[in-house]
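2 protein chains.
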Amino acid sequence: MSYPWPDAGTALNAISTPMPVIDEDRLAANILRAQSYLDAHGKTFRPHIKTHKIPAIAKQQLQAGAIGINCQKVSEAEVFADAGFEDILITYNILGAAKLSRLKALNARIGRLSVVADSAVTIAGLADTFDAARPLAVLVECDTGGKRCGVQTPEAALALAEQIVSASGLIFRGILTYPAPGGAEMVEKFIRETMALLATKGIDCPVRSSGGSPDFYSAHLVASATEHRAGTYIYNDRSMLRAGHCSAGDLAMHVLATVVSKPTADRAVLDSGSKALTSDLLGFNDYGLLEGYEGAKIISLSEEHAVVDLSGCTGARPEIGDVVQVVPNHTCVVSNLFDRMVFHRNGVVTRVEQVAARGTVW
Amino acid sequence: MSYPWPDAGTALNAISTPMPVIDEDRLAANILRAQSYLDAHGKTFRPHIKTHKIPAIAKQQLQAGAIGINCQKVSEAEVFADAGFEDILITYNILGAAKLSRLKALNARIGRLSVVADSAVTIAGLADTFDAARPLAVLVECDTGGKRCGVQTPEAALALAEQIVSASGLIFRGILTYPAPGGAEMVEKFIRETMALLATKGIDCPVRSSGGSPDFYSAHLVASATEHRAGTYIYNDRSMLRAGHCSAGDLAMHVLATVVSKPTADRAVLDSGSKALTSDLLGFNDYGLLEGYEGAKIISLSEEHAVVDLSGCTGARPEIGDVVQVVPNHTCVVSNLFDRMVFHRNGVVTRVEQVAARGTVW
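Respectively, the protein sequence lines represent chains A and B. Residues in the first sequence are numbered consecutively from 9, following our numbering. Residues in the second sequence are numbered consecutively from 9, following our numbering.
Derived by calculation from the structure, the hints in this document are not laboratory data. It is possible that part of the hints are untrue.
[Stated by the list, open to error] Taking lysine to aspartate or glutamate and the DMTMM-like style, the derived pairs with C-alpha atoms no more than 25 angstroms apart in a straight line are:
id	chain 1	residue 1	chain 2	residue 2
1	A	Lys155	B	Glu327
2	A	Lys155	B	Glu163
3	B	Lys155	A	Glu361
4	A	Lys155	B	Glu170
5	A	Lys155	B	Asp294
6	A	Lys155	B	Asp347
7	A	Lys51	A	Glu94
8	B	Lys155	A	Asp330
9	B	Lys155	A	Asp274
10	B	Lys112	A	Glu94
Same shape as in the complex, but just chain A:
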């Protein structure tokens, strides 16, 4: 079976739907804008590749000035190590013999690997795996209000830092957080207090890493952070648009879809179901923005169908066979559904890239 990947030069309106398409110029502008902002504020940039999972795109990010990349899982990092990346931070607690063994092999073959830990259990596993001949760099993950992973207090961060320092196979590299939106003040306070505690024990804390696309352009408000990590900024999506973090002209990903049915005047059905758009709501009560059809609302998804309520349309309504463009609620999860991604400039295909790390959740 031959998959329907288009050749360079193909017009977008001739490709099979549903298909996510990436605007090259918007992509490049998003990369440049983000890097320029962090450069201007003296912070290093470590993009999160989970949004695209494509080595060629990560290379564009490094060429613009990023110091390395950020992955979540060992298998995701392995794909990028295979593609030649030498500075990878895995922002995840690595646990269990199988994953620790792979982590050790990864550390032996790239120049600069680091991970995070937020528990004594995780650090004990790392300490048992690594040795002084090829030590592993570890950052302590801190919960500054995001309420996901991370130690709860600067005192707990200090205790884990001391555990790392005392392990011959580990190097304490610093602290890291994924803050809640609008959390700059809490992050700054946590970093300052932790650094002060570490200083009383003579422990250096060279890296203070914060992150997130939603608050990207507030990164300068966390004065003590040295590094920022972000992913979604590169494509942007409907959630970023709603939050005012990008404009419609910064949306680099659209999902092309075809109107396959129009059972009533007020109901259209698209061929982009939850296996194309995902069912991520991110606080919305519908499943993406149908560009060019004011008032149309994607009210439900089944696996291969999107039901669009047209009753609120104030202008044109789509007809059966029309190809439409959907702005997805959340781009990062769309990338993970497709084996390849189609890029274009002004509506003409420029390249097709394999989503090399698609499905690497281990």
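Got chain A; can you put chain B on it based on the hints?
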């Protein structure tokens, strides 16, 4: 990079997480139970392969007595044609030159292909593509209350049937619906009225196809239906359990996950985020059932993290490093995230199957 697929004989607690695992005995029992029920009521069974997307599983379904398979997309059907399947129904409106061309090629190489249509536009496209030398069988899709695709009235179904009959390259095979839950009465009424109208024009309607796993064991209530289509029944999931359509002992898929963090006594974090469990809610307000931990609630997913609220736990609480089993809200979308699927019997891996049609949304 080598992916962490386990060999046969591996114990489930030794495999990398997150990973969906399929219980062979429950799978076989679900197949047998469903086929036996339809056999007893004189209806043919056409399983929907979207739940598993694995040819070896579809072969088990045919061996049990299914007459053919049901796909949603041309590319999905192509994968199964490559695997030797000869009787495929694509329950989708096929539109556009690229897809029609592939559909024609598919029809030329398998024994019995059929599709559905619910508009004059779709039928016109099919009529322009196929010819009497190798005609295509078409069923008219009817909306009997499901409010997705389908004509709204028996009169509209008749009009499309006449359009199909008048096209030399098309054969009218019958009518099809995907009903709303509890919709047996409406389906029966729609079928009877449509058949009566067709009879007035001398049009035979050999296939009357209904479907759905939620109402599977009510299929006998639609006396006029000749065929049933269903997918989820084979694995079952939390939505089927809630609806009373299966018991806990019929759940054939679990997602193995590891507790990677426990930042507070009431918060655990699993390594199964939306890229493993998907964010499908299906009417729930949480993201899966954590077996063995009464009162634990998966309150949020980010891409690689599941946050579990333990405050309601009445018994044991999971600890960092523990491997747990999640019953996903919706199995069909989980299958579509993984390149391979791990099968086991009594906790020992029996086989690993490629999810051959993963990502085939075109």
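These are the hints, each one checked on the structure:
no. : hint                 : verdict
1   : A:Lys155 to B:Glu327 : holds (18 angstroms)
2   : A:Lys155 to B:Glu163 : violated (57 angstroms)
3   : B:Lys155 to A:Glu361 : violated (37 angstroms)
4   : A:Lys155 to B:Glu170 : violated (61 angstroms)
5   : A:Lys155 to B:Asp294 : holds (17 angstroms)
6   : A:Lys155 to B:Asp347 : violated (31 angstroms)
7   : A:Lys51 to A:Glu94   : holds (20 angstroms)
8   : B:Lys155 to A:Asp330 : holds (20 angstroms)
9   : B:Lys155 to A:Asp274 : holds (11 angstroms)
10  : B:Lys112 to A:Glu94  : violated (48 angstroms)
When held up to the earlier numbered hints, the structure conflicts with 2, 3, 4, 6 and 10 and fits the remainder.
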